[in-house]
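In order, the protein sequences belong to chains E and C.
Going by our numbering, the first sequence opens with residue 66, and the numbers climb by one from there.
Going by our numbering, the second sequence opens with residue 66, and the numbers climb by one from there.
Derived from the structure by calculation, the hints contain no laboratory data.
Be a bit skeptical, because a hint or two may be false.
Said to hold, decoys possible - If you anchor each label on the Cβ, the simulated ranges turn out as follows:
#	chain 1	residue 1	chain 2	residue 2	range
1	C	R96	E	G147	24 to 34 Å
2	E	R83	C	K80	30 to 40 Å
3	E	Y84	C	V153	45 to 55 Å
4	E	D103	C	I88	19 to 29 Å
5	E	E143	C	E143	50 to 60 Å
6	C	A129	E	G87	45 to 55 Å
7	E	A126	C	R67	38 to 48 Å
Unchecked claim - Facing chain E, from chain C, some residues (calculated, C-beta under 8 Å):
#	residue
8	R159
9	L170
10	A177
Cβ atoms here follow ideal geometry from the backbone N, Cα and C, with glycine treated the same way.
Spelled out, the chains give:
Number of protein chains: 2
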Amino acid sequence: MRIGEVADRVGVNTKTIRYYEGIGLLPAPARLPSGYRDYSDDDVDRLRFIRTAQRLGLSLAEIAEILAFRQRAERPCEYVLGVLDRQVTDLDRRMAEMADLRQELIALKKHADRLPTDPTCYCAVIEHSQAKRRLPPLAG
Amino acid sequence: MRIGEVADRVGVNTKTIRYYEGIGLLPAPARLPSGYRDYSDDDVDRLRFIRTAQRLGLSLAEIAEILAFRQRAERPCEYVLGVLDRQVTDLDRRMAEMADLRQELIALKKHADRLPTDPTCYCAVIEHSQAKRRLPPLAG
DNA sequence: CAACAGCTTCCCGTCGATGGAAGGTCAAGG
DNA sequence: CCTTGACCTTCCATCGACGGGAAGCTGTTG
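My request is simple: use the sequences and hints to build the entire structure.
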């Protein structure tokens, strides 16, 4: 099948498919006499796999790594479990950061009305927050 | 004072300071006879303000907008509160997404041991997740 | 005088796509 | 025959917020 149909089936932009091919994530497919890319169902599966893995938070580089395991006839599951472990830890950290930030934003909004009108400052709302805490690291 | 001292005081890379100047977030400072940038305490304040606003989740574009209010002698607080409102909504959405994903990762890991050894699949762990749910939109 | 830190400008790379332009081929319908 | 529309190639640009490094200047110290 041609690239457009693959794109429709998987729900991906055709540009994305060619991009994946370009970075070696998808193998170069066979070509029709016309020069059009000719994909098989396997390619669709592989693409779906990539999107699933991506949804689970894996980067394209990690996914490439997983696919490389297969080429070496090894099973990537141990590697994958390691990645997932790190994912969970990372998620926890980020969720905690976001919860803190949310807390602070709510408090900031709550006090915003009572803030003095000071024409010399950039923004009383933000500087109120600045006064209390001196620049902890940015949440990346 | 020179750029290195500013960087130390605020806790920012000198590259970042020059970058902010490049995108118009910081005004071009005076220059010493040597050509070195010569900053004032006001510049340090402005930079601190930028970092605080950034820590609150505002983009550099939004911060630039806030600073532009000041140039027009208007107070940005209403705008800022609107931004913060959207921030909170966005945080809630992202935290919910992350919680879902975390749930799924945990479940996946939990069942990983019991998964069949299937040499034809890319990775049993990931494809187990794929089988259950057919590609909801990616969490951005 | 030489070393070294700090500064300058300039350009490239990151991540994961996506958009667009330019210029061409191919297949189907009216 | 003509026109769509889908596809092909290559290349370049964009988003955000920087970081790295090269090559060269300044300023201080031993």
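Results of checking the hints against the structure:
Look at R96(C) against G147(E): about 52 Å separates their beta carbons, and that is not inside 24 to 34 Å. As the Cβ distance of R83(E) to K80(C) is approximately 34 Å, the hint placing it in 30 to 40 Å holds. In this structure the supplied range 45 to 55 Å is violated for Y84(E) paired with V153(C), their Cβ-Cβ distance being about 35 Å. Taking 19 to 29 Å as the suggested C-beta distance range, the pair D103(E) and I88(C) does not conform, at roughly 46 Å.
At about 54 Å, the beta-carbon gap between E143(E) and E143(C) stays in the expected band of 50 to 60 Å. Roughly 35 Å separates the CB atoms of A129(C) and G87(E), a value that falls outside the hinted 45 to 55 Å. In this structure the supplied range 38 to 48 Å holds for A126(E) paired with R67(C), their Cβ-Cβ distance being about 39 Å. Interface restraint check for R159(C): the shortest CB-CB distance to chain E comes to about 7 Å, inside 8 Å, so the restraint holds.
A distance limit of 8 Å between C-beta atoms decides the matter here; for L170(C) the minimum to chain E is near 5 Å, and the interface restraint holds. For the restraint placing A177(C) at the interface with chain E, the shortest Cβ-Cβ distance is roughly 6 Å, inside the 8 Å limit, so the hint holds.
Violation of the numbered hints given earlier is confined to hints 1, 3, 4, 6; the remaining hints are satisfied by the structure.
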